[in-house]
Amino acid sequence: MNIIEVDRVTAGYGQGDILKEVHLEVGAGQMVAVVGPNGAGKSTLLKTVFGLLFPRAGSIRFEGREIAGKPPEEIVRLGISYVPQVSNVFPSLTVQENLEMGAFIRRDDFKHKFEELFSLFPLLQERRHQKVGQLSGGQRQMVAMGRALMLDPKVLLLDEPSAGLAPLLVTSIFEKVQSINASGIAVVMVEQNTREALKMAHHGYVLATGRNVLDGTGQELLANEEIGRLYLGE
Amino acid sequence: MAELIVYGLVLGGIIALGAIGLSLVYGILGFANFAHGDLMTAGAYLALFLTTGLFADLGVSNAVFGPFSFGWRMALAFPYAMCIVAGLAILTDRVLYRRLRRKRSNAVILAMSSLGASFIIRMVVLIAWGADYRVYRPGLMRPALELPLGVRIRPDQILILVVVVLLVVLLHLFLTRTRMGKAMRATADNMELARISGIDTERVVLWTWWIGGALAASGGILYGIDVQLHAEMGWDHLLPLFAAAILGGIGNVYGALVGALIIGVVQQVSTAFMSPSYKPAVAFLIMIAILLVRPQGIFGGRRN
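From first to last, the protein sequence lines stand for chains S and D.
The opening residue of the first sequence carries number 1 in the working numbering; numbering runs sequentially from there.
The opening residue of the second sequence carries number 1001 in the working numbering; numbering runs sequentially from there.
You may find that some hints are simply not true.
As the list claims (entries may be wrong) - List time: in silico DSS-like cross-link candidates among lysine-lysine, alpha-carbon distance up to 30 angstroms:
#1 S/Lys70 to S/Lys113
#2 S/Lys131 to S/Lys154
#3 S/Lys20 to D/Lys1103
#4 S/Lys70 to D/Lys1103
#5 S/Lys20 to S/Lys70
#6 S/Lys111 to S/Lys131
As the list claims (entries may be wrong) - Sample of chain S residues lacking proximity to chain D, with all beta carbon distances greater than 12 angstroms (derived):
#7 Gly12
#8 Gly27
#9 Gly39
#10 Lys47
#11 Arg56
#12 Glu74
#13 His112
#14 Leu151
#15 Asn193
#16 Thr217
Stated by the list, open to error - Facing chain S, according to a computed beta carbon distance under 10 angstroms, are these residues of chain D, among others:
#17 Arg1102
#18 Arg1179
#19 Lys1182
#20 Thr1187
#21 Ala1188
#22 Leu1193
#23 Ala1194
#24 Ser1197
#25 Asn1252
Calculated directly from the structure, the hints in this document are not laboratory data.
As the structure is a computational prediction, the values presented were derived from the model and not from experiment.
In this text, a Cβ means the ideal position worked out from N, Cα and C, and glycines have one as well.
The following block holds chain D by itself, in its conformation from the complex (with noise of 0.2 angstroms):
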């Protein structure tokens, strides 16, 4: 059991760098993104593109860091594959979000173009890299710590741990120390007082969608380091990304974490009980439940 929760800390931390990301961008744009599943597998098979492809190529080692199951190819793929999803973020929004939103459409009209653009990335990494799944180093196997509790753990899956922790760390002193990361806060809250105070409430949509996207790959790379890559596993984490996302307050940042982080366990607690199968039904459980119960979320979200 107790091995069970510490592998439901790590799946949730992975749900909750793409649930944060979601979260932030309802929270300013005011509609639900159902391509930031698609971010995540784009971020992963970037990834796997430039450790298996580029810096393959480019001459760098090969050789992986002591126990971890990655060396110097992943840790230069994994900024550079975050920045270009970040890129592929503000693309979708140029092309397609930011003329929505001149036109005044809704946020249903929003959400369905956002399943479109959802549907293209599915494709596109699907006839580049084909439906098989996919490991970044295919045959090596690294032991497993243990450690007390009978908790058996890779040293890959404390890294995740860590990386995540690191990545909600800086997230938080930007949101709460910078001068952006305040003004994207009072846009999250009041849009129009935002513009009326002189905030340029364009940036402010630009750097969601650069952090959104950037913490997307993240947690696609991670999952993919964590169990394996398919052109499917963003969009099947989408469940759960929003039922993080609600559960903690759909527009609140650090709801969206601590609602991750239940997801995550529960979903790998229940395989106690039921088959690994049930995992996004458990999601979509807590999901209706929250809903019934106490829709704005454990810690409340966006008003109106």
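So here's chain S without its partners, still in its complex pose (with noise of 0.2 angstroms):
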């Protein structure tokens, strides 16, 4: 059964709608990328997901349960975490901190969830008690997924998470995302990043001018000629 469903998803902010009818399936424990030239409504999909934005028309479904229009703080309880590509730390708060504050509605003794973090993310063990402000941009975006962990949630929603790294750091938390979504966790990750993220994928989906254009699985998509030549630029 898939572990997220959404159908015919029409979403847009005041007049227009950005998303127009798009279709998404996750099975549990996949990995799925939205891929899509920008303006293609890949972020907004997400946050529509999430239920930062409700949908206009169509439904969303988790674990088969219909959970268009509910909001965020509905929806994190659910076993869903985000993570947003921009502003997705507490900049004045310490690394602990901030993973403390994804914990925040865990009534449960949750320590050693830090443990496990900063196995996963061995570089944040050391800056633990430091500001995350002063942290480098790969560092944050650690902390960013560490943040969206702590709830141990079922799926992960990632916008971006390559945006604006280094080549090397690129690698690397494309490679950390590998782990957490061998660890069981259903991941769909929106990348401007085609190629690696298609690689990585048990599923693709390319989105264009908020629709869906093609769907297949990763291997699929990185063959279709098509696709290489619009998105891939060869």
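Join the two chains, each given in its own frame, into one complex according to the hints.
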């Protein structure tokens, strides 16, 4: 069964629709990449799934339950975590405090999560009492993902985790995303870095001007000549 | 001069209690609360009502503590007035600001509505207690202590400094050690990310008003103990409150504290060179200067 099903969702800001009858399916534990040119509505899709934007039409189901129209505060409790592309950390809080805020709604003892995250992101351990505002872009991205993982989500929504990072860091961030996925968490990743994202993904979706253009396994899409020509610059 | 600096620290401590709340509200809700000074007035007059009215009727002893100018009545009235003013601040949020927030009104509309709230609070105080200057204990003069460097200070003033330090330390512990305190700092940093993390931001707003209102009330009462009460006392201090908050970097609690101490000291020291009636002008000059030279404040405030 699919853990997330987005069915003919239309959404947007103000007058215009940014997403037009978009569909997306994510199987439990899958890695799904959403790619496409700028302005395709990729980020808007993640925001709509997470409840930051209410769909005007269509349905969004999580584990078979309708979640369209629910606010983010409720959706995060169901087991979906979201990492925005920008402003995804609390800069005046320390690394550890950022992680604690990720676990804000947890009532149980979550100390073991710190150790778990520090073994995934060893760099953060030595900086755990440093303010996040003083960290580099790559380290911030790790804090942002760490914050989202504190709730042991079933699905992680990542909006362009590689944006603005140096090539070497991009590889390392993608490796982290893969090990998160390998631990059983389904990942929906929006990426500009199309080729790398599709290589990692079980399934990929290509969006353009707010509509589905194509979807298939990551390998299928990589082999597709039209995709290569339009979006991979070949 | 040493004496003026000490008096400046007392005044600065009182200003800090208001400026911290002003800065907190700005940090979380993003608007300048013009009613904040009048919350100080409300606290001072509630303490007057409790000490000379209710607690007198209840038969609480009128004796004073040692060298101080107040006793059990004020010791009891202080926390009660803090809680009542906190409730008043929450009430104005429920009646006024929350509705405007839900309509996504901009910061100017919110600031103007707070100006309206400030008039209402001030007028209620005027109707209830009149426009005369009042003191908590008429006719009671306590001898000042002689400290080195020719500093004469009343025991009340020493206690004011102690109370200010105590409240600031408590606030610091709350903001850095408790779950809700950390959530407040997180919300001030990035409200949307706080919601994304599942933080109940409306509860954070409630706590912000609670703390801002309680601190303002304590500042008002301490000013009443140090100087006297007047219906315009809080409104008159709004300028130093803003100057202190801006000087420290608006939205930054610790900045507001340092800013207030600087404003307080400079204001008092200025009386050595010019008439004390220019005190507000001095605060205003500092504010203009800091806005021209370093608009983000000494410690940098809220980004964006």
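Hint-by-hint comparison with the structure:
For the hint linking S/Lys70 to S/Lys113, the alpha-carbon distance of about 27 angstroms falls within 30 angstroms, and the restraint holds. Proposed proximity of S/Lys131 and S/Lys154 is supported: the alpha carbons are some 29 angstroms apart, at most 30 angstroms. Proximity of S/Lys20 to D/Lys1103 is assessed by CA-CA distance (about 27 angstroms); at most 30 angstroms being required, the pair is judged to hold. For the hint linking S/Lys70 to D/Lys1103, the alpha-carbon distance of about 19 angstroms falls within 30 angstroms, and the restraint holds.
Note on S/Lys20 and S/Lys70: the hinted pairing holds, with a Cα-Cα distance of about 20 angstroms set against a maximum of 30 angstroms. Taking the CA atoms of S/Lys111 and S/Lys131, the gap is near 20 angstroms; set against the 30 angstroms cutoff, the hint holds. Under the 12 angstroms C-beta cut-off, the non-interface status given to S/Gly12 relative to chain D holds; the minimum distance is some 17 angstroms. With a least beta-carbon separation of about 24 angstroms from chain D, S/Gly27 lies farther than 12 angstroms from that chain, consistent with its non-interface assignment.
For S/Gly39, the shortest C-beta to C-beta distance to chain D comes to about 21 angstroms, beyond the 12 angstroms cut-off, and the non-interface label holds. Here S/Lys47 does not stay apart from chain D, with its beta-carbon only about 10 angstroms from theirs, under the 12 angstroms limit. No beta-carbon of chain D comes within 12 angstroms of the beta-carbon of S/Arg56; the shortest separation is about 19 angstroms. With a closest Cβ-Cβ approach of about 9 angstroms to chain D, S/Glu74 is found to fall inside the 12 angstroms limit, against its non-interface label.
Against the 12 angstroms criterion, S/His112 stays outside the reach of chain D, whose nearest CB is about 18 angstroms from its own CB. Taking the minimum C-beta to C-beta distance to chain D, about 7 angstroms, the non-interface status of S/Leu151 is violated against the 12 angstroms cut. Remark: the non-interface label on S/Asn193 is consistent with the geometry, its nearest Cβ contact in chain D lying 23 angstroms away (cut-off 12 angstroms). Against chain D, the non-interface label of S/Thr217 holds: every CB pair exceeds 12 angstroms, the least being about 30 angstroms.
With a cut of 10 angstroms, the hint placing D/Arg1102 at the interface with chain S is violated, because the nearest CB-to-CB distance is about 13 angstroms. Using the Cβ-Cβ criterion of 10 angstroms, the hint placing D/Arg1179 at the interface with chain S is satisfied: the shortest such distance is roughly 7 angstroms. Interface restraint check for D/Lys1182: the shortest CB-CB distance to chain S comes to about 5 angstroms, inside 10 angstroms, so the restraint holds. For D/Thr1187, the interface hint holds, since its Cβ comes within 10 angstroms of a Cβ in chain S; the closest pair sits about 9 angstroms apart.
Hint on D/Ala1188 holds. Least Cβ distance to chain S is approximately 8 angstroms, under the 10 angstroms limit. For the restraint placing D/Leu1193 at the interface with chain S, the shortest Cβ-Cβ distance is roughly 6 angstroms, inside the 10 angstroms limit, so the hint holds. Annotation: D/Ala1194 was flagged as interfacial toward chain S, and the flag holds, the nearest CB pair being 7 angstroms apart, inside 10 angstroms. The restraint placing D/Ser1197 at the interface with chain S holds, with a minimum CB-CB distance near 5 angstroms, inside the 10 angstroms limit.
Residue-level restraint check for D/Asn1252 holds (minimum Cβ-Cβ distance to chain S is 9 angstroms; threshold 10 angstroms).
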